[in-house]
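Relying on the hints, combine the two individually framed chains into one complex.
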Amino acid sequence: MIELEHVSKTYERTLAVDDLSLTVRQGEFFAFLGPNGAGKTTTIKLVAGLLRPNAGTIRVGGIDVEKDYLAAKAIMAYVPDQPYLYDKLSGREFLRFMGGMFGMNGGTLAAEIDLVSEQFNLRDFVDDLTDTYSHGMKQRLTLAATLLHHPKVVVVDEPLVGLDPQSARLVKNILREESRRGTTIFMSTHVLSIAEETADRIGIIRKGKLVAVGTLGEVRSAWGGDGNLEDLFLRIVEEGGKGSNV
Amino acid sequence: MSDAGALLYMKQRELWNRFRSFRGHSKLKIVVVLSFATGFWVGLFAMFFEGFHFLSSNHPDLADYVMDILLALFFLSLTVMLVFSNGIISFGSLFRAKETEFLLAQPIRRESVFGYKFAESILFSSWAFLFLGTPLMFAYGICQGLPGSFYFVTLAFFVVFLFIPAALGTICALLVGAYFPRTRKGAILLALAVVALAGIVQTARVLSTGGAGRLYTTQFMVKILDKFQFSQSPIMPSYWVAEGIAAAREENWKAVAFYFNLILSNSIFLCWLAGMIARRSYFRGWNLCQGMGWSRRSVRGAVLERLLPPWLFGAHRALRLLLIKDFRTFFRDPVQWSQCMVFFGLLGVYFLNLRTLSYDLRDDIWKRMIAFLNLGATSLTLSTFTSRFVYPQLSLEGRRFWVVGMAPISRQSLMMGKFLFAMVGSILLSESLILVSSVMLKLGWEFTLFQCATLVGVCAGLSGLSVGLGAIYPNFREDNPSKIVSGFGGTLNLVVSLFFVTLVILLEALPYWMAAKRIIDFDGQRQATWMAFVIVLALSAAMAALPLYFGMKAFRRMEI
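Chains as they are written, first to last, in our numbering: chain A, 1 to 246; chain B, 1 to 560.
Excised from the complex, chain B in its bound form (with noise of 0.2 Å):
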């Protein structure tokens, strides 16, 4: 057998052996699963068909010039995203997973690792491309009315496309392993910041476009999408996917031929350039990074100690311990805090630039609704936060468990530790956000207050709920937290927090989009705003308390 017939053999047993044992999880696992997997897709398509069906119908002159640049745009968000992610896969799988050192210690050759890793790679980054792409394809064909050619051209595009971004951060992270393994960190952090200040600046061009009086003409929207105009520069790959599809609706065939070709030889050429630098330098690359764990990193710090002196904590002061410690491993591992800035750091400037779209002079009732929508847009962000790093907590507590484990503290206490961190952290980042968004809207002292109260509802409900699920589907076996994440548990905890928020906004939204719509008059809306509160806030709270109580039994009974 040759190496990749070996390889092949193994991949394609352990395929078929993971299928089987997932035909015997449970049928509720497997419903949750495909549901949320369908309903996300459906979600996807209903909403860019919305989106054209609106421009064709309202804006038939700008249509297709908005779908070029919106397709270019596109695909350039999901080119930088795929880089990243290829990039941050590829250093993982080709330096450090367990798996590549065994390959590398087997006779075969390291250009044949280097090629699975590579595949492997692809694969593991490249599937949302698809998931998402599609809805995108399918919803303007079906609203264009364009023949079946459109999707097989579309489909062949998204497919030889893929390996330009993969490549791309394959050569990354292999230049990055050879060269600068120490700085490895600050070269992501270094990229991300890059990325992030190109998005701070672009957004801040687009948003400086406002003016009293000229929003949602014609002309507004033309100068705004003028700013979008470095998307369709020639030399990015994203364009010519653009460019590709453009002239598969045109059925401009030699177009199609042109683009596509450009892209497949582009991506072969990209492919071979990451073989021919992982020849020379991926051994090497390997050999320096199996080092990095040598060198001692000295740490110190008490400002936690002071910020959470033991009085406040009482008698349990176990907890303030467990706290310390949380909140001292999320600000040393840069993946974490690198990512809540990058977010919450767009939202942020967002929310400062209110102003220069003139919505703080608008009438109450529009203020009011962006109000609503910058608070969904906090909480739908705080979700993806909690679900990410806080539903994996007491999992990953699992290997070191005997320390907590062993001290004279309940288990309960324990999880009361994982939630006050969740709590207290996502309460610092999203109240701040909100307040800055209640200022430049102008808004009154009351309503930021409801506003505020609301947030402290709704971190009490995501971080009860990732908690407490992370307590009822723990994974002990597994050190990876966004493998963790993926797993049924992690995949309910995402859904049921995407539902609370959106429950919440509609709940508090109502009364106000009722007096707009004059449904019911201003005494009415008050009332029923009243009403909205009570109900979010009983509704927060069943949220953080069931899954706590369910989690903390669960953790009770469980043995590690």
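Excised from the complex, chain A in its bound form (with noise of 0.2 Å):
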């Protein structure tokens, strides 16, 4: 469903994604994984159309992500590591807002609208201005908005940053449950306890190169060792590019 292929891209004279080849597919819940500046966010930025690799393609849904960017985002959801909301729209409005986006209205917006503000409990404060929610709520929100066109690609950076251990469990949930229903997830997170737990692969970048991809057993075997996540992803950032991809 994602695929990218030697895809490089490079910030002035910094190479922040180096020759990177992934393919995440259909429903499967991957979880992109390094240490801060590795370049996992400019991954995400490039998956979801927001940047122009400097090399390689990227293709969602079997869409070129760069030659025809409105159709590939009509099939995917991103979810930025600092959500943007407009602080004078109330939660509604912004739900409105996005279906619109995507082509949705009438009836079938109302009543995504309705169920989505039910699956992330927004009910109590979905007709307040965003300028008023906590960050968890703004999260929720954010999610439900990705969520309400159905897209079949789901990307998300770092969801469960600052949120109380209700909402990410919440958080946690209803992506397992996207995934479960054949939507794909394709999420970059620090907390290497959740990719343990919900991803159905994972990948480690480090210097812009993806140096681990696989199951955490796949991972886990090549690197050797029977240690958890953390250990294997402190083991494997630490010596870097002497292995090998699974």
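None of these hints come from the bench; they were simulated from the model.
Worth double-checking, as some hints may not be accurate.
Taking lysine-lysine pairs in the DSS-like style, the calculated list, with each CA pair at most 27 Å apart, reads [unchecked claim]:
1) B:Lys223 with A:Lys88
2) A:Lys152 with A:Lys172
3) A:Lys152 with B:Lys483
4) B:Lys29 with B:Lys483
Given below as structure tokens:
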């Protein structure tokens, strides 16, 4: 569902993503891990069509993100690490606006808004202005807005930062549920326990290069050891290019 | 829903919600903002009306000629300002804004995002044009007894003309973003420097027209006005508006239609051109600008450490560090110091040319009146400087508050640091200008000292007011200083600053004016001057101390 072929991205003189090739299958929950500045957010922005690669191609649902960005974005949802909301819109108005951009309107949109409000526990505050929301409320509204049009692919950057345990659990469950329904989830995170618990496969990026990819078991056997993901992650990041991809 | 439909729905709901929250604001806030806006508009109207009235009653032979040049100059300066403000606003909103990233991630066309941001930039930067243009139009129309059709035509000219500088500014922003993103600050500075240099050269040319004995005659006026002929070049859009309005004055509808169509067709062409450039280069520019933060920039410098040695601060050493931090931030941000350089630089050029106008040869009363006007101009410029750069300082500290908040220094010290920074900066900038003015006017040391002491009071008053009100009305949610300044506290600060400066100048100039009108004699004038000076010092002390006191009280109680 997501295909990256020899993708590279350079910022001025810095190589942020270095010849990255990766395939994420339909319905797969893929966790993208790496230390700060490794190139996770850049990769996510490339997949979301917010940045143009210097080399390589990216396809989402078989559509080239660069050549046909509108069609690619229509089947995709992107949640950035710092979600943007309009302060002077209520939650419901924001959901209507998002639905409108994805070509939804009328009764279908109203029904979907009611549905996601229920699913994300937004009912109590969905008609309040978003400038009164806490971080957790904002994050839940953003996720609700991105799932409104039933995307085939959800690209999400650090969705659990700053969330209380209750909201974090809610977000995790919903993403897991979406994945079970056939939606592809591409998530970057620093919370290794969440990746360990929910992801079908993981990928570890270091200095722009994908240094490990596979199921947890596959990565373990490729890199050796039987510790938890945290130990494995730290070893892979420290040893970096010495190992090979699965 | 189409792209435009969705964006329109969002904007319409946002505006309605803003209006509703505005209704919920305190009555005092609404009254202050509306009174200031109305007062400003009426003040401009009165000033324009008085000027036009003076011209038509004292120089009826020159009135139309002056009016044509005045209109062309007015629209030319507005064009330059609008190109700059649209360019800067467009650059920020097209390449740096969080909203743009959000919109570009949605399935809407990049051209729609550009169109939406372009429209927003026109609205943001151009309301001031209508706010400044309408009092001019009404003053002129009423003074000349022109029919209702004149106002309608002028307003139509204003609206179609707005698109020309907006499109030019946006095209510049697109090209800088797509082809020179690394040198964007340099490009802005270069453009500013070119405009400032052109202004300085032109000011010097105009000032060199003077000469003893020939001042203020019709011949002198014509000679001066001839120097502004450059504003009447037929290739400039500002000239087309001025000519269109002049044609409406004479009810020459054929010419009105010609100039209107000329402006309209150029507006449409430039908007189309901006759209075409955006189609080719907007996403390229966006892509390049996202990587700008990746390059590291090393800076070194110990000049400030040497200029502010620790022993100077005794027990308050933390103050020294705060001062060094604030000065460094100021000097490393070209937007801040370049604006100061342009405004104070132009004043400096004028002061340096005072002798060209033979002001130094005039009698004492006139020289002192000119000195007071210079003091007024310097203080008013200073008040815009403190309102723009000093007032938002504490609000900007909000997100970094953990740094100073956790340091072993009191909040009072933090505020005193801001106050000292503002005051030292203001004194350095303004006193040098006033010294130049005094030397050029060949004023005695006593009067020079008197003006310098007054200016110290003004600097203290303006700095105390800006820091104090900045603490009473902080806005820790905003990172953009221009948005902090445009809030209630910022508006109040500007209004009170302008009122304070006007009061100081009026109080001190009053005894000299009374002596010139022979209402009081020389001894009376000396006594009145001393009295005015004492009142001004007391007023300045109160203006510095009271806002600082209430600001500190509010700042101590504040939970960030």
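Now the hints, each set against the structure:
Restraint check: the Cα-Cα separation between B:Lys223 and A:Lys88 comes to about 55 Å, which exceeds 27 Å; the hinted pair is violated. For the suggested pair A:Lys152 and A:Lys172, the alpha carbons sit about 18 Å apart, so the restraint of at most 27 Å is met. The straight-line distance between the Cα atoms of A:Lys152 and B:Lys483 is roughly 39 Å, outside the 27 Å bound, and the hint therefore fails. At most 27 Å may separate the alpha-carbon atoms for a hinted pair to count; B:Lys29 and B:Lys483 meet this at roughly 17 Å.
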